[in-house]
Amino acid sequence: MTAEQRPTLIEIRNLTKRFGSFTAVDNVSFTVAKGEVLGFLGPNGAGKSTTMRMLAGFMIPTAGTASILGHDVRTNAVAARRALGFLPEGAPTYPEMSVAGFLKFCAKIRGYSGSELSDRVAHAIGLTGLQGVRLQPVETLSKGFKRRVGLAQALLHDPPVLVLDEPTDGLDPNQKHEVRALIQQMAPNKAIVISTHILEEVDAVCTRAIVIANGRIVADATPAELEQRHPSGKLDDVFRLLTLPQRDAA
Amino acid sequence: MRNIVTIADRELAAYFATPVATVFIVIFLALQGTLTFNLGNFFERDQADLSAFFTFIPWVFLLLIPAITMRLWAEERRLGTIELLLTLPITQTQAVLGKFVAAWLFCGAALVLTFPFVLTVNYLGNPDNGVIASGYVGSMLVAGAFLSVGSAMSAATRNQVIAFVLAVAICFVFTVASYTVVTEFLSKNTPVLAEVARRMAVLDRFQNFTRGVVSARDIVYFATFIGFWLFVNTVLVDQRKAD
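Protein chains in written order, with numbering that gives the first Met the number 0: chain A, 0 to 249; chain B, 0 to 242.
There may be inaccurate statements among the hints.
Ranges between beta-carbon positions, derived for each pair [to be verified]:
no. : chain 1 : residue 1 : chain 2 : residue 2 : range
1   : B       : L112      : A       : S141      : 31 to 41 Å
2   : B       : N158      : A       : I59       : 19 to 29 Å
3   : B       : T80       : A       : A223      : 34 to 44 Å
4   : A       : R17       : B       : T17       : 15 to 25 Å
5   : A       : D202      : B       : N158      : 23 to 33 Å
6   : A       : T64       : B       : Q238      : 53 to 63 Å
Looking from chain B toward chain A, a few residues come up when the C-beta cut is under 7 Å (computed) [to be verified]:
no. : residue
7   : A16
8   : L85
9   : L87
10  : P88
11  : T92
If you are wondering where the hints come from, they were derived from the structure by calculation, not from laboratory data. Predicted model only: the values in this text are computed from it and were never measured. The beta-carbon is built from N, C-alpha and C at its ideal position, and this holds for glycine as well.
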């Protein structure tokens with residue numbers, strides 16, 4: 000099945016964000032279809048998080064539009080966010096809340112109640128392996144657990160669109176493996192965007208990769224195609240090739 | 000509505016999960032008690048009313064309420080949770096109202112805990128409890144007014160100290176606007192403003208309530224005041240959330 004036959008769940012058109020004279024995201028356009036796992040790559044400060052924030056409807060674009068399931072994230076924000084599971088950069092959570100309390104809060108906001116609410120929370124806790132710490136306050140958890148709480152919050156309502164900003168940052172190798180397995184398992188039924196600067200992750204889970212540098216898309220291809228762009232066939236080298244010259248030019 | 004309740008519920012739980020609630024309530028009651036009984040000459044006045052108590056309420060609120068509100072939005076931004084909260088399927092107005100309602104209920108709880116004053120005055124004499132009740136209604140409205148200013152200031156800056164100072168300053172201006180010093184100065188220079196200042200003053204309106212006068216005009220005044228600042232709050236959240 001080709002991408003054209005699958006429904007497009009995320010559409011970003013000419014998205015631009017300027018902070019004063021600095022252009023963080025410059026005329027970025029792409030679409031993500033159901034079943035795709037898009038790896039969003041780029042050096043720090045390239046505009047990955049800014050793009051994701053605009054897609055989540057958190058940051059107001061200077062120009063351009065973003066939509067989720069056809070709902071514009073600015074004009075039809077609540078409908079767009081219902082279909083979205085978003086893990087913000089750094090996986091922020093309320094420190095004084097317990098894991099279960101925090102997830103219950105998110106589930107209530109998402110419109111669940113009664114036994115369905117408990118089921119959703121239990122399911123999300125199960126998926127992310129948080130059973131052992133469910134009653135612990137989030138502030139007492141390690142970085143890896145905190146990240147998983149953020150992930151559980153994003154998966155809670157089984158959204159058709161997942162936007163995860165550095166989902167494996169701070170996890171140990173075993174946890175990374177689990178999260179990647181989870182993403183792969185969910186992939187067929189969702190459109191997933193993950194940002195990362197860990198290149199092995201792209202090979203492991205992504206069906207497609209976009210490389211962004213200085214706010215512009217410099218490559219949009221499958222990981223295998225990307226690897227061919229450098230004689231060594233290594234993503235590391237392709238990444239440097241694509242992002243370093245841009246920096247010098249800037 | 001459901002979303003507002005859910006957010007307010009979480010906020011209220013957060014007050015009590017940290018020492019914020021205890022410290023606020025203890026300091027509020029201690030200050031109110033000291034001021035009423037010592038400075039206010041509660042016993043020496045030999046009158047069965049709570050006017051000494053209500054005289055100090057706006058001033059104690061002026062100091063303590065900005066301390067409650069300074070963290071409302073500034074803390075969300077510091078923790079980054081604002082990004083989480085505002086990407087949940089809620090509107091920004093619901094988030095603003097939820098936080099405001101929680102803070103208001105919290106102030107209401109602090110006011111309820113001043114019930115020993117009411118018991119004392121009823122034990123010692125025969126006060127007009129209707130006047131006392133309207134004084135409490137007025138106190139709640141002053142609390143709401145200060146909370147709405149404080150909440151907006153918290154959304155305006157990421158720095159909690161600045162949010163506190165700005166909120167105190169703005170609430171102070173609205174409190175003293177009807178003072179003769181202010182109105183005399185204004186009527187000498189710009190007579191139009193003197194009238195405006197008198198009408199905008201929180202203290203004048205509050206004093207009507209403490210005298211037992213509950214008028215629709217005063218209620219509309221407080222509703223407009225709170226509505227205006229919550230609107231400012233929503234606009235500021237929208238504009239500054241991602242800064």
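The hints, checked one at a time:
With their beta carbons about 39 Å apart, L112 (chain B) and S141 (chain A) fall inside the hinted range of 31 to 41 Å. Here the CB-CB span from N158 (chain B) to I59 (chain A) is close to 22 Å, well matched to the stated 19 to 29 Å. Checked against the given bound of 34 to 44 Å, the beta carbons of T80 (chain B) and A223 (chain A), roughly 39 Å apart, stay inside it. A beta carbon spacing of about 38 Å between R17 (chain A) and T17 (chain B) contradicts the range 15 to 25 Å that was offered as a hint.
Separation of D202 (chain A) from N158 (chain B) is about 44 Å and departs from the stated range, judged on CB atoms against 23 to 33 Å. Between T64 (chain A) and Q238 (chain B) the C-beta distance comes to about 19 Å, which lies outside the given range of 53 to 63 Å. This hint holds: A16 (chain B) has a C-beta 4 Å from the nearest C-beta of chain A, less than the 7 Å allowed. With a cut of 7 Å, the hint placing L85 (chain B) at the interface with chain A holds, because the nearest CB-to-CB distance is about 6 Å.
Annotation: L87 (chain B) was flagged as interfacial toward chain A, and the flag holds, the nearest CB pair being 5 Å apart, inside 7 Å. Given hint, P88 (chain B) at the interface with chain A, holds; its Cβ is 4 Å from that chain's nearest Cβ, closer than 7 Å. Hint status for T92 (chain B) relative to chain A: violated, with the closest Cβ pair at about 11 Å, above 7 Å.
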